[in-house]
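There are 2 protein chains.
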Amino acid sequence: MAEKITPRETDYSQWYIDIVLNAKLADYSPVKGCMVIRPRGYAIWERIQAEFDRRFKETGHSNAYFPMLIPMSFLQKEAEHVEGFAPELAVVTYGGGEKLEEPYCIRPTSETIIWSMYKEWIHSWRDLPLLINQWANVVRWEKRTRLFLRTSEFLWQEGHTAHETEAEAIEETLRMLEVYRDVVERYLCVPVVPGVKSETEKFAGAVRTYTIESMMQDRKALQAGTSHFLGQNFAKAFDVKYQTRDGGLDYVWATSWGISTRLVGAVIMTHSDDKGLVLPPTLSPEEVVIVPIYKNDSKASVLQYADKVLAMLKEAGIRAILDSDDSSSPGWKFAEWELKGTPLRIEIGPRDMAAGKVMLVRRDTAEKTPVAVDTVAATSRQTLSEIQTALFERARKFRDENTVQIDTLPEMLEFFGAEGTGTADAHGGFASALWCGSAECEADLKAKTKATLRCMPLNQQENISGRCALCGAPAKHRAIFARNY
Amino acid sequence: MAEKITPRETDYSQWYIDIVLNAKLADYSPVKGCMVIRPRGYAIWERIQAEFDRRFKETGHSNAYFPMLIPMSFLQKEAEHVEGFAPELAVVTYGGGEKLEEPYCIRPTSETIIWSMYKEWIHSWRDLPLLINQWANVVRWEKRTRLFLRTSEFLWQEGHTAHETEAEAIEETLRMLEVYRDVVERYLCVPVVPGVKSETEKFAGAVRTYTIESMMQDRKALQAGTSHFLGQNFAKAFDVKYQTRDGGLDYVWATSWGISTRLVGAVIMTHSDDKGLVLPPTLSPEEVVIVPIYKNDSKASVLQYADKVLAMLKEAGIRAILDSDDSSSPGWKFAEWELKGTPLRIEIGPRDMAAGKVMLVRRDTAEKTPVAVDTVAATSRQTLSEIQTALFERARKFRDENTVQIDTLPEMLEFFGAEGTGTADAHGGFASALWCGSAECEADLKAKTKATLRCMPLNQQENISGRCALCGAPAKHRAIFARNY
Numbered sequence: 001m002a003e004k005i006t007p008r009e010t011d012y013s014q015w016y017i018d019i020v021l022n023a024k025l026a027d028y029s030p031v032k033g034c035m036v037i038r039p040r041g042y043a044i045w046e047r048i049q050a051e052f053d054r055r056f057k058e059t060g061h062s063n064a065y066f067p068m069l070i071p072m073s074f075l076q077k078e079a080e081h082v083e084g085f086a087p088e089l090a091v092v093t094y095g096g097g098e099k100l101e102e103p104y105c106i107r108p109t110s111e112t113i114i115w116s117m118y119k120e121w122i123h124s125w126r127d128l129p130l131l132i133n134q135w136a137n138v139v140r141w142e143k144r145t146r147l148f149l150r151t152s153e154f155l156w157q158e159g160h161t162a163h164e165t166e167a168e169a170i171e172e173t174l175r176m177l178e179v180y181r182d183v184v185e186r187y188l189c190v191p192v193v194p195g196v197k198s199e200t201e202k203f204a205g206a207v208r209t210y211t212i213e214s215m216m217q218d219r220k221a222l223q224a225g226t227s228h229f230l231g232q233n234f235a236k237a238f239d240v241k242y243q244t245r246d247g248g249l250d251y252v253w254a255t256s257w258g259i260s261t262r263l264v265g266a267v268i269m270t271h272s273d274d275k276g277l278v279l280p281p282t283l284s285p286e287e288v289v290i291v292p293i294y295k296n297d298s299k300a301s302v303l304q305y306a307d308k309v310l311a312m313l314k315e316a317g318i319r320a321i322l323d324s325d326d327s328s329s330p331g332w333k334f335a336e337w338e339l340k341g342t343p344l345r346i347e348i349g350p351r352d353m354a355a356g357k358v359m360l361v362r363r364d365t366a367e368k369t370p371v372a373v374d375t376v377a378a379t380s381r382q383t384l385s386e387i388q389t390a391l392f393e394r395a396r397k398f399r400d401e402n403t404v405q406i407d408t409l410p411e412m413l414e415f416f417g418a419e420g421t422g423t424a425d426a427h428g429g430f431a432s433a434l435w436c437g438s439a440e441c442e443a444d445l446k447a448k449t450k451a452t453l454r455c456m457p458l459n460q461q462e463n464i465s466g467r468c469a470l471c472g473a474p475a476k477h478r479a480i481f482a483r484n485y
Numbered sequence: 001m002a003e004k005i006t007p008r009e010t011d012y013s014q015w016y017i018d019i020v021l022n023a024k025l026a027d028y029s030p031v032k033g034c035m036v037i038r039p040r041g042y043a044i045w046e047r048i049q050a051e052f053d054r055r056f057k058e059t060g061h062s063n064a065y066f067p068m069l070i071p072m073s074f075l076q077k078e079a080e081h082v083e084g085f086a087p088e089l090a091v092v093t094y095g096g097g098e099k100l101e102e103p104y105c106i107r108p109t110s111e112t113i114i115w116s117m118y119k120e121w122i123h124s125w126r127d128l129p130l131l132i133n134q135w136a137n138v139v140r141w142e143k144r145t146r147l148f149l150r151t152s153e154f155l156w157q158e159g160h161t162a163h164e165t166e167a168e169a170i171e172e173t174l175r176m177l178e179v180y181r182d183v184v185e186r187y188l189c190v191p192v193v194p195g196v197k198s199e200t201e202k203f204a205g206a207v208r209t210y211t212i213e214s215m216m217q218d219r220k221a222l223q224a225g226t227s228h229f230l231g232q233n234f235a236k237a238f239d240v241k242y243q244t245r246d247g248g249l250d251y252v253w254a255t256s257w258g259i260s261t262r263l264v265g266a267v268i269m270t271h272s273d274d275k276g277l278v279l280p281p282t283l284s285p286e287e288v289v290i291v292p293i294y295k296n297d298s299k300a301s302v303l304q305y306a307d308k309v310l311a312m313l314k315e316a317g318i319r320a321i322l323d324s325d326d327s328s329s330p331g332w333k334f335a336e337w338e339l340k341g342t343p344l345r346i347e348i349g350p351r352d353m354a355a356g357k358v359m360l361v362r363r364d365t366a367e368k369t370p371v372a373v374d375t376v377a378a379t380s381r382q383t384l385s386e387i388q389t390a391l392f393e394r395a396r397k398f399r400d401e402n403t404v405q406i407d408t409l410p411e412m413l414e415f416f417g418a419e420g421t422g423t424a425d426a427h428g429g430f431a432s433a434l435w436c437g438s439a440e441c442e443a444d445l446k447a448k449t450k451a452t453l454r455c456m457p458l459n460q461q462e463n464i465s466g467r468c469a470l471c472g473a474p475a476k477h478r479a480i481f482a483r484n485y
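Same order as they appear, the protein sequences are chains F and W. The letter at position 324 of the first sequence is residue 324 when you use the working numbering, and the numbering goes up by one with no holes. The letter at position 316 of the second sequence is residue 316 when you use the working numbering, and the numbering goes up by one with no holes.
Worth flagging that the hints you see were computed from the coordinates, not collected in a lab. Computed from a prediction, not measured in an experiment: that's the story for all the values here. Beta carbons: idealized from backbone N, C-alpha and C, even for Gly. A hint or two may mislead.
[What the hints assert, rightly or not] If you want the footprint, here are the derived chain W segments under chain F, 3+ residues with CB under 8 Å:
| hint | stretch |
| --- | --- |
| 1 | 110 to 117 |
| 2 | 333 to 344 |
| 3 | 414 to 422 |
[Said to hold, decoys possible] Restricting the straight-line Cα-Cα distance to at most 30 Å, the calculated cross-link-like pairs of lysine-lysine (DSS-like) are:
| hint | chain 1 | residue 1 | chain 2 | residue 2 |
| --- | --- | --- | --- | --- |
| 4 | W | K57 | F | K314 |
| 5 | W | K57 | F | K333 |
| 6 | W | K241 | F | K333 |
| 7 | F | K202 | W | K119 |
| 8 | W | K4 | F | K119 |
| 9 | F | K32 | W | K32 |
| 10 | F | K241 | W | K333 |
| 11 | F | K119 | W | K99 |
Modelling step: build the complete structure from the supplied sequences, incorporating the hints.
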């Protein structure tokens, strides 16, 4: 199986596709721009989903479900919102054999349908805060699609909250950004830069968009989650006022925030290698796979020994399986489980058995360690924990090594290998640069290098002094520029 | 709050709507025929979902996700299937601002899109069985809708499996029917009759449809879940052949099976009363609510005592909450939690506290029991378990009392209060009758009484002898006839 995977050096895009298809994570579908998430891909999403869901509930949110179809007129109520989403809509014009009086779009996001309901539900400050999350499918008609990373239909969660005050809404926006950062870094082992989007890059309808930005192995950025402070924009669009504590009447303050199945793509791209998928133990359907090695005369005893090891691992709460399929060789199985990304392999042969040992093999480093069978559960648990940490640290090191401070436009053009710089093979990365705040500078850089302003990192915005790396005007912010998915 | 609920005797339909709206389980939406599932309704669905999901995985199934949009031409590949679903389709004709070359429908069910993929994935008997489940939203354009029970968009799961042999596929169909029966009866406390549908009532595209049928408090039937043996119909429609163990080539055998958010409606209608929702402990977001009763001078000590009780319950793994809201009276809270259906209420006042006791109040029977505080967790656990059993037994008794053996057409017409029988106030129920197997008899009865053939109960089909209750011809089956949702 492993030879089916194109090496990253040869063709990074093809490497990614080869892993997704060969590890059976997803498949192309006969529906334009839409993918099928296969069981092993969906199992990763389920684990991501469960952890986020736990964290959302822990922070006081409840799940609910709103209609997938939205009257077209609803989108038009918020001017920036419709402008941003209109080009990407799928539109239902017939229902039950009849042409509809008003067409519906399939939700590209649910602010409008949700705020039309919030108008019914919110009357007084006693109804606030309203903290609702929805797990759902959405459709955004995309021209260029890529498995998991960008598909016309995708699965996501969208939080939509309503608050009494601006301060509370901003606090919520940042609280959820922090939940995102924490889960993506600790559970998915994907390091991120939390920051603020520029006006150009913010969500259509938001006052301010916060983001977590990650770096893939080709040094491109991938937006891993966003949290929006919506101000009173949607409350005004849907006329949602509430009686304040002092008897007045005011518009409600809002947030929304989302992560999607693209995170599965982020995980694949961040950790995998030329042998296939590499998964953090938290996300792998199996943490450990046991592969027995035997000939006819040793089969029964090796399998019995392997069963005992399996029982010990399960007893310790480790998600372990035994691959006792007789129709393929141990070597074939090694390659197969490496392709599938199982974090830890345990090899058991007659000699291991005779010595009262097993062989632990790490997927991430290929490191082999003989372990006494009595300590197999404890050592596995310890090793899995080390893998979880190591994956994150390796990715962070890579990200940091490819984050470069850049002070001038020529440097920036060289960094991204712009035409005429003679650095067409420059691989780019994250350019950390001072910025004047002008959209023209952003647009100009994008035209020359395809790099966009990914975010203004939080906690790097103090004491800004110096000049914009792009135009030389006085700088207002420090920003990360990068090519992106 | 409680006075908002129309009594069942006055208007059963309105009673149901009042409970759904006042207990904030769901709401009407601005999208025709679609509902919003509010947090307390969605929490019930999440618990139903989790239990089914666990059981599906236990029986070897994996979750996956297929596109929501299906090319219209796919539906036409199976003649009965398209005939059954075409009148209910929502059709997408525009995407990304352009008219689509081929329109897509929003899935009304996913056999066609899934079997188009199974063609890619299944080549050999080694690829079988393929056991996949999907949790998804579907759209069937409905003219008459009812919250939870029938809405144009609803949430469901659909299992789609592929097998080597007919026998295996039939075994799977029945296995999943049994999972449905067990979860619906034991977890939802809704008694059901498992049986086979008639040709008239079977799924469009199935060879045979199995069902579990429940009885609501107005004695109408509600189909709670179906499991279909699809034969080779979809394998032939999508040309899915596999290499057999003996080197031949054959079409694959298939099943599909589904339950939906209508089960939430079934739970509400089966257990609730004129005070509001009644929920089995398994499904309630809170198993126990503690309501403290105090005056100013006893407030601090009662709350401290209540906190201790809360801790004891939580310690024992019971989902308990303390309603310490100061802005409403205990009496108002009692009514509110009765409306919400919390199975067990614990009242704690100064006198209870002085006696080292608390007062347990069952939602289902209103029975009050003073309990020594030291045993509160054990007694609550025991009482919750009794409620779970009692709800099922009460519903089964009601169902059995309203299941009547009927031998002749005049009796049948009287039972359902058909015109001209002088029994317009007959309330009907389940009519258990012998049946000749003819669709004409079914259609005739439906025209006269609105009653349909709900199912031919499994295990009641042996030694059939006698005459069809409808036409007098020799009987082939025993069937349940009822009006239905």
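Numbers of the earlier hints that this structure fails to satisfy, in rising order
2, 3, 7, 11
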